[in-house]
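2 protein chains.
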Amino acid sequence: MTNKFYMPTRVIIGDDCITKNSELFIFLGKKALIVTGAQSAKRNGSEKDVKTALESVGINYLVFDKVMSNPTIACVYEGATLAKENGVDFIIAIGGGSPMDAGKAIALLAAQDIEEENLFSGNYEKKVLPMAFVPTTAGTGSEVTQYSILTNDKAQTKTSIASDLLFPTVTFLDAKYTEQLAVTTTINTAIDALSHAVEGMLSVRASNVSDALAVASIRMIMNCVPDMLQALLAGSEVVFNLKQREQLLQASLMAGMVIAQTGTTVVHAMGYSLTYFKNIDHGRANGLLLGEYLKLVENVQPDLAGSILAAMNFSEADQFGELMNKLLGDKEEISSEEIKRYSKIAIQTKNIANSVVKPTEEELRTMYALSFVK
Amino acid sequence: MTNKFYMPTRVIIGDDCITKNSELFIFLGKKALIVTGAQSAKRNGSEKDVKTALESVGINYLVFDKVMSNPTIACVYEGATLAKENGVDFIIAIGGGSPMDAGKAIALLAAQDIEEENLFSGNYEKKVLPMAFVPTTAGTGSEVTQYSILTNDKAQTKTSIASDLLFPTVTFLDAKYTEQLAVTTTINTAIDALSHAVEGMLSVRASNVSDALAVASIRMIMNCVPDMLQALLAGSEVVFNLKQREQLLQASLMAGMVIAQTGTTVVHAMGYSLTYFKNIDHGRANGLLLGEYLKLVENVQPDLAGSILAAMNFSEADQFGELMNKLLGDKEEISSEEIKRYSKIAIQTKNIANSVVKPTEEELRTMYALSFVK
Chain X
518 MTNKFYMPTR VIIGDDCITK NSELFIFLGK KALIVTGAQS AKRNGSEKDV KTALESVGIN
578 YLVFDKVMSN PTIACVYEGA TLAKENGVDF IIAIGGGSPM DAGKAIALLA AQDIEEENLF
638 SGNYEKKVLP MAFVPTTAGT GSEVTQYSIL TNDKAQTKTS IASDLLFPTV TFLDAKYTEQ
698 LAVTTTINTA IDALSHAVEG MLSVRASNVS DALAVASIRM IMNCVPDMLQ ALLAGSEVVF
758 NLKQREQLLQ ASLMAGMVIA QTGTTVVHAM GYSLTYFKNI DHGRANGLLL GEYLKLVENV
818 QPDLAGSILA AMNFSEADQF GELMNKLLGD KEEISSEEIK RYSKIAIQTK NIANSVVKPT
878 EEELRTMYAL SFVK
Chain W
518 MTNKFYMPTR VIIGDDCITK NSELFIFLGK KALIVTGAQS AKRNGSEKDV KTALESVGIN
578 YLVFDKVMSN PTIACVYEGA TLAKENGVDF IIAIGGGSPM DAGKAIALLA AQDIEEENLF
638 SGNYEKKVLP MAFVPTTAGT GSEVTQYSIL TNDKAQTKTS IASDLLFPTV TFLDAKYTEQ
698 LAVTTTINTA IDALSHAVEG MLSVRASNVS DALAVASIRM IMNCVPDMLQ ALLAGSEVVF
758 NLKQREQLLQ ASLMAGMVIA QTGTTVVHAM GYSLTYFKNI DHGRANGLLL GEYLKLVENV
818 QPDLAGSILA AMNFSEADQF GELMNKLLGD KEEISSEEIK RYSKIAIQTK NIANSVVKPT
878 EEELRTMYAL SFVK
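If you read the protein sequences in the order shown, they are chains X and W. Residue numbering for the first sequence follows the numbering used here, beginning at 518 and increasing consecutively. Residue numbering for the second sequence follows the numbering used here, beginning at 518 and increasing consecutively.
Wrong hints could be hidden among the right ones.
It does not matter which identical chain is used: a pair holds within one copy or between any two.
Below, in silico cross-link-like pairs of lysine-lysine (BS3-like), each with a Cα-Cα straight-line distance of 30 Å or less [claimed, not checked]:
| no. | residue 1 | residue 2 |
| --- | --- | --- |
| 1 | 583 | 875 |
| 2 | 643 | 601 |
| 3 | 795 | 568 |
| 4 | 643 | 675 |
| 5 | 548 | 861 |
| 6 | 848 | 812 |
| 7 | 547 | 671 |
| 8 | 547 | 559 |
| 9 | 848 | 601 |
| 10 | 537 | 857 |
| 11 | 643 | 857 |
| 12 | 548 | 521 |
Hints are computed from structural coordinates only; laboratory data are not their basis.
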């Protein structure tokens, strides 16, 4: 089969990398729309650094800080309208997955007219506004992918726009913006990144290149796990040092580079319903499901599971399941009605077809059930 | 410090990937110049596949098959003139490092006028012809780098043009074009790739991303070493199966992605004189020197050397040196005059400044001498 690698985003990593590289904004445009959420970018200093950089090179900007968790279609159309009305010619997204995913859709919709019914079609003109991204959590990988994942109420799930147009032009990774993240957020986002790396290795599109990045990402995240467990025990808000934050942010970057090549698999297919219907955090949803799916893979393709577990220094999937149980704490309830409904939705997703080990609908139901056993 | 990752080339990997993806050429232009050497692209079928793909989508082309080993400045100006005279709007390079390096310079020189004295300046307009590359050896990595390395008679060495403009637009990796390579070529090019991966880890610009790719590349090449040794003993021309050829080609790709980020270090700085003055093959030159440099690194930064040696399943640099001795066979002679001269040239290169462990000129002389001990 044909394998591919494509990831054209320019990645800049390091302390104060935004203000040190402000001249890069000049190549993007003359007027920026800063897309972000209501609070965190203000609190962690990232928005201020972006503004400082823009002002230092004389670029105008306005701020659209209305992006909510799991952004809606209405939200991205609102942002695009604002961009068009104000003659914005490039987008800067700051935040976790939500502002970045919204930023991509806004960059697309501000450059061309796309009716809502065609938004997920993938059939677009080759026009998009240039984008600069600043991730402030370490999990989504959106800063180096071509995906914009939006809440799709018609399909009652999260749906992704996937287009090479959506790769950000440049991405700035400065771990200090993640330093104040709460322990739970840190763990959930790290598990999201871990899930990307693991699912990348379980994808029919896995390659030597994506596997190399995935294995390194898994190792880097696992190196931070002992401190995550300690943080949970201590109940402390801030326990990770900057070096660990850097490791997690770069592991998330590499896992993002992986899924840009491989897409995601069964775990994301199953997790979207948990987020859409039960409001379970996206990373947490993946973590709840990943152990059971790895056990299924271990039964069907032991070598494949083994290569993933080896990167974790585990010998069997059960050990990984136990670790997730420790990291995730008390589990939510799930009813048999919910399990049936979510399995029916998941089995139809392209993420299942993208998996080396493709579960039946019955196996999906079993995995949902076992994932919520306390 | 600031780290970066940028590699915008679209990589397509697989059997018949050129003819299966011929529509990709349509995005590059309407008339191609095929840049290649005199023979190998005709012999291994790659030129025929490119022509078939171009004809299937109605793209005109002409062939410039005059690229010699270690291409000269005159050669790339000749190719650029041909491109301009014939209204060519994109470049296809087929071959080992020489046609690819020449292809990049031709793509640049056909798009803008650059005087010879400014060719290595890096100060160019942002104009270059789009490029499609087809590597037919597994070593150079040029298919995914921004470097064009040319023989520079004025500086009496090989000098590189380095510019983000020079990343190929698309690269096709089909291992069947490497199937008929002679054992010596296979080994020398594999050592070149190995040297890229190792030097990437020894660069001041190494990052988690480049290290992940480098470690995987080293492992993949080392997995093929037993068959290389057996092939040398058997004296057979063709011994590697297609699966091994794929591993070597992808390892070379990944090592190319590494040096696109990190540049090369001491070994390349020293090796260029061996190629320029003594006509020693580039990969072989690196192999002759790499063992002694790893020993120096082992003394100064044992952890750094250890991480590289671990990827090779070695515990000390001596073991690596012994392996190189076996793979490279009888060594050339080197005089103390040559050693002095080459050390003087090498110490001035930017590759030395790019190395974590920076040898003195005296240490360079010692390494040259020890590298040629029989």
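Here's how the hints hold up against the structure:
no.: 1; hint: 583 <-> 875; result: neither (38 Å within a copy, 51 Å between copies)
no.: 2; hint: 643 <-> 601; result: both (17 Å within a copy, 28 Å between copies)
no.: 3; hint: 795 <-> 568; result: neither (37 Å within a copy, 56 Å between copies)
no.: 4; hint: 643 <-> 675; result: within (24 Å within a copy, 40 Å between copies)
no.: 5; hint: 548 <-> 861; result: neither (45 Å within a copy, 51 Å between copies)
no.: 6; hint: 848 <-> 812; result: within (19 Å within a copy, 53 Å between copies)
no.: 7; hint: 547 <-> 671; result: neither (37 Å within a copy, 43 Å between copies)
no.: 8; hint: 547 <-> 559; result: within (23 Å within a copy, 50 Å between copies)
no.: 9; hint: 848 <-> 601; result: neither (44 Å within a copy, 68 Å between copies)
no.: 10; hint: 537 <-> 857; result: neither (52 Å within a copy, 41 Å between copies)
no.: 11; hint: 643 <-> 857; result: neither (40 Å within a copy, 56 Å between copies)
no.: 12; hint: 548 <-> 521; result: between (35 Å within a copy, 25 Å between copies)
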